[in-house]
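Going by my numbering, the first residue of the sequence shown is number 1243, and it counts up by one from there.
FYI, nobody ran anything at the bench for these hints, they're computed from the structure.
Among these hints, one or two may not hold up.
The calculated label-pair distances, taken between Cβ atoms and stated as ranges, are [unchecked claim]: (1) Met1243 x Arg1315: 32 to 38 Å; (2) Phe1244 x Ser1286: 33 to 39 Å; (3) Gly1260 x Ser1298: 16 to 22 Å; (4) Ser1298 x Met1243: 31 to 37 Å; (5) Ile1287 x Gly1260: 18 to 24 Å; (6) Met1243 x Asn1313: 16 to 22 Å; (7) Asp1289 x Thr1312: 20 to 26 Å; (8) Ser1286 x Asn1313: 21 to 27 Å; (9) Asp1256 x Lys1293: 16 to 22 Å; (10) Asn1294 x Arg1246: 24 to 30 Å; (11) Gly1290 x Ser1266: 29 to 35 Å; (12) Val1306 x Phe1280: 20 to 26 Å.
Beta carbons are placed, not taken as given, at the ideal position from N, Cα and C, and that holds for glycine.
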Amino acid sequence: MFSRVLILAPHTDDGELGCGGAISKFVEEDMDVYYAAFSVAEKSIPDGFPKNILESEVKKAMEVLGIPKTNLRIY
1243 MFSRVLILAP HTDDGELGCG GAISKFVEED MDVYYAAFSV AEKSIPDGFP KNILESEVKK
1303 AMEVLGIPKT NLRIY
């Protein structure tokens, strides 16, 4: 079948919210999972929150899902 998967997410939380279960399954099946997010949506962060909070959250989500840090790209 296939051994590599690329998740394309418009924003940092779209991939895990949209297909977190599938991502978990791919990792469980020892597939190489890569994740590319194209916006951290800094302008949408409410006052009082760090501007990099969404970047921090996606990094933590990838860790929880088992995706290596080297397989995450944020543009």
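Here's how the hints hold up against the structure:
1. One distance hint, 32 to 38 Å for the beta-carbon pair Met1243 and Arg1315, is violated here, with the actual separation near 24 Å.
2. Between Phe1244 and Ser1286 the CB atoms are about 34 Å apart, so this pair conforms to the stated range of 33 to 39 Å.
3. Against the hinted window of 16 to 22 Å, the Cβ-Cβ separation of Gly1260 and Ser1298 comes to about 20 Å, which satisfies the hint.
4. In this structure, Ser1298 and Met1243 meet the distance hint of 31 to 37 Å, their C-beta atoms being roughly 34 Å apart.
5. Restraint check, Ile1287 to Gly1260: a C-beta distance of roughly 21 Å satisfies the suggested window 18 to 24 Å.
6. Between Met1243 and Asn1313 the C-beta distance comes to about 19 Å, which sits within the given range of 16 to 22 Å.
7. Roughly 34 Å separates the CB atoms of Asp1289 and Thr1312, a value that falls outside the hinted 20 to 26 Å.
8. Distance hint check for Ser1286 and Asn1313: the Cβ-Cβ separation is about 25 Å, which falls inside the suggested range of 21 to 27 Å.
9. Asp1256 and Lys1293 have their C-beta atoms about 19 Å apart, which keeps the hinted 16 to 22 Å range intact.
10. A hinted range of 24 to 30 Å for the beta carbons of Asn1294 and Arg1246 is consistent with their spacing of about 28 Å.
11. At roughly 32 Å, the beta carbons of Gly1290 and Ser1266 sit within the given window of 29 to 35 Å.
12. Taken as a hint, the range 20 to 26 Å holds for the pair Val1306 and Phe1280, whose Cβ atoms sit roughly 21 Å apart.
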